[in-house]
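**Student:** Sequences listed follow chains A and B, in order.
Under this note's numbering, think of the first position of the first sequence as 1, with each following residue one higher.
Under this note's numbering, think of the first position of the second sequence as 1, with each following residue one higher.
By construction, these hints were calculated from the structure, which means they are not laboratory data.
From a predicted model like this one, the values you see are computed outputs, not experimental measurements.
Treat the hints with care, since some could be wrong.
As the list claims (entries may be wrong) - Residues on chain B that point at chain A, a partial pick, calculated with CB under 7 Å:
no.: 1; residue: Leu-32
no.: 2; residue: Val-158
no.: 3; residue: Tyr-287
no.: 4; residue: Leu-297
For every residue, glycine included, the Cβ atom is placed at its ideal position computed from N, Cα and C.
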Amino acid sequence: MSDVAEARPLPPGLATTRSTDRRHPWAIRYGFFLFVMAVFAVLAVMRPTFANAGNIESMLVSAAIAALMFLGLTWIVAAGEIDVSFMSVATLANMVTASMVEHRAGWPAASLAGMTAGLVFGAFNALLVGILRLPALVITIASGALAASIAAAIGSGTSISLGSTGFVGAILEARAGPVPLVAILVVLLYAGAWFVQEKLTLGTYIYAMQQNRAAVIEAGVPVRRLVALLYVLSGIVAAVAGILLAANLSSGQPYLGGSYFLNGLTAVLLGGMALKMGKPNVLGTLAGIVFLVGFLNGTALLGWTDSRSQIVRGLLLLISVGLIVFANDRNRRTRRG
Amino acid sequence: MRTHPVLMRLLAFAAIVAVVACVFQSLTPTFLTAENLRGLLRHMAINGLASLGLTFVIVVRHVDLSFPGVASLGAMTLGWLISTNAPLLEAVCGAMAVGAAFGLLNGIAVARLKLPDIVTTIATGGLAIGLAYFYSDGTTISQNFMMSGLLDLNDAKVFGIDEPFAILLATAVIAYLVLHTSRAGHAFYATGENPVSARFSGIGVRRTVVLAFIICGVTGCLAIMLLVASAGASDVTAGNQLLMPAFAAVYLGAALFGRPSVPATMAGTLLMSMMLSGFVLLATPYYYSDAIVSTVLIAAILAFDPDLLRAVRHGIPTGRERAV
Chain A
1 MSDVAEARPL PPGLATTRST DRRHPWAIRY GFFLFVMAVF AVLAVMRPTF ANAGNIESML
61 VSAAIAALMF LGLTWIVAAG EIDVSFMSVA TLANMVTASM VEHRAGWPAA SLAGMTAGLV
121 FGAFNALLVG ILRLPALVIT IASGALAASI AAAIGSGTSI SLGSTGFVGA ILEARAGPVP
181 LVAILVVLLY AGAWFVQEKL TLGTYIYAMQ QNRAAVIEAG VPVRRLVALL YVLSGIVAAV
241 AGILLAANLS SGQPYLGGSY FLNGLTAVLL GGMALKMGKP NVLGTLAGIV FLVGFLNGTA
301 LLGWTDSRSQ IVRGLLLLIS VGLIVFANDR NRRTRRG
Chain B
1 MRTHPVLMRL LAFAAIVAVV ACVFQSLTPT FLTAENLRGL LRHMAINGLA SLGLTFVIVV
61 RHVDLSFPGV ASLGAMTLGW LISTNAPLLE AVCGAMAVGA AFGLLNGIAV ARLKLPDIVT
121 TIATGGLAIG LAYFYSDGTT ISQNFMMSGL LDLNDAKVFG IDEPFAILLA TAVIAYLVLH
181 TSRAGHAFYA TGENPVSARF SGIGVRRTVV LAFIICGVTG CLAIMLLVAS AGASDVTAGN
241 QLLMPAFAAV YLGAALFGRP SVPATMAGTL LMSMMLSGFV LLATPYYYSD AIVSTVLIAA
301 ILAFDPDLLR AVRHGIPTGR ERAV
């Protein structure tokens with residue numbers, strides 16, 4: 001069940017020039033990484049502060065948190081489903097943690113409560129979408145709205161500011177040499193996820209479900225439980241990200257979800273173009289996140305307004321969707337011969 | 001589910017409405033006063049318009065997540081045009097043109113370029129929000145609103161009905177005529193049921209999908225016009241509050257009446273607005289409204305899901321799924 005494009009020579013037209021792509025399939029596979037490096041180089045030249053140690057560190061921390069939040073989403077989209085509740089679940093975990101800390105419950109207990117909130121919503125989505133096969137989009141819109149609403153209710157509509165950041169803050173502060181520890185941990189987590197996705201049957205099933213769910217069911221794979229597992233995973237990782245954000249922002253923010261929504265989908269779909277030709281995959285997501293975090297940070301340093309970066313993000317998402325459809329179309333044609 | 005006669009469903013709907021009304025009336029005696037019912041209908045007009053357009057998109061089996069963002073852009077366009085002394089009609093047409101343009105963009109992307117509807121409309125919605133910031137750098141616009149006559153829209157009466165509700169009624173009648181009595185309406189349902197056979201029946205499938213998205217964009221901007229008129233200012237986040245009630249109304253109606261249709265959507269909107277207005281009377285804080293709407297939505301989907309009903313009748317299905 002490995003990637004079709006790996007086994008066969010690439011179809012013409014995927015790369016920019018027709019004559020070279022048969023010999024240089026890596027240009028598409030790794031083109032996105034080159035693009036990211038080029039953009040970063042330009043930003044670093046235009047605004048030298050972009051490449052400051054302090055700035056890079058803070059970018060790594062934000063990228064690590066975002067990467068946690070989008071890990072579950074990557075596989076859900078890869079499996080042909082959708083989750084639009086992840087950012088609200090993160091928000092809820094963030095507010096639950098913050099309010100527990102505010103009420104002197106201590107960070108360990110508060111984090112546990114935040115995790116539980118994420119687990120509950122993950123399990124809720126898993127039950128409705130995975131087990132009962134209800135429409136994923138509407139259910140996750142509704143459960144996301146529910147989570148966001150509860151999050152706002154916890155703080156009565158306003159944010160909760162925290163005096164201490166506890167052991168979560170210590171994790172975020174910890175450095176292994178010059179690199180934030182949390183970034184290394186997330187990279188290790190993604191390496192593990194890459195192994196699961198590429199070497200274990202679970203990963204194979206995820207991509208197979210997207211291509212032909214009926215066939216996977218006929219093959220005897222417990223599809224319902226598999227989809228349920230993905231939603232639970234998404235709830236948990238989103239909750240962890242929300243807890244880290246509580247320490248990172250020293251506060252509980254009831255409306256932080258909005259900006260992560262567009263970023264999450266953009267990172268997953270933009271990253272889907274890298275390495276696997278239009279299939280969302282964990283390394284691609286990681287690259288997409290690094291790109292988005294760097295891009296938003298760099299353009300903010302250049303003095304771009306929010307509206308301009310919002311428009312660029314919308315366009316990037318549109319372009320990546322277009323590229324993915326185009327690439328999958330090509331893949332399918334190659335397969336038919 | 002489809003074997004149930006329409007009458008049964010109507011009775012069920014009437015029973016639910018009566019129960020909801022009784023519950024709120026017993027909790028707060030002001031619920032069934034004329035004043036509150038007028039407010040309820042005005043509130044219903046905003047959500048009803050947005051959900052009417054969404055109905056068309058759902059009927060062709062697509063999803064539009066961009067209309068809240070597009071509506072925000074429409075609100076800012078409307079506000080900007082009015083603040084530059086444009087006549088009211090021109091300003092409203094400008095806002096609706098924005099809705100139509102984004103609907104066209106969505107439609108072409110989904111129908112012609114075959115892009116996945118969910119992600120594409122999320123992206124175009126994000127694009128619209130970005131553009132909405134351009135008029136005033138994100139600040140609210142309310143200059144000239146008093147003079148323009150926009151605010152009168154909220155209080156004026158047509159044949160003794162409040163104008164917002166009159167606009168909803170007129171739009172609903174037009175939508176009903178289009179979707180349920182014309183050839184074009186059959187085209188929408190046929191496209192949703194089976195695009196391939198629809199095409200072989202001589203239906204312009206792509207055109208129908210594009211049309212559905214345009215209708216959704218335009219009605220979203222109509223809804224936001226009423227919202228701006230009642231709020232008295234254009235805000236860049238104005239459209240966000242349309243998303244949940246609109247989806248809930250369409251799916252609640254479809255769950256109640258077996259398929260998405262104009263009357264079903266109106267019924268869903270009525271139920272939704274009754275509950276929201278009831279909870280407002282009970283002094284429930286605003287941030288609970290989405291929780292109420294989404295709980296009702298999930299409950300409705302759960303209660304009316306055909307697979308689930310079958311499972312209840314014949315025992316819980318095993319982990320193995322029927323290959324559809």
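**Student:** For a quick check of understanding: which of the numbered hints are violated here, in increasing order?
**Tutor:** 1 and 2
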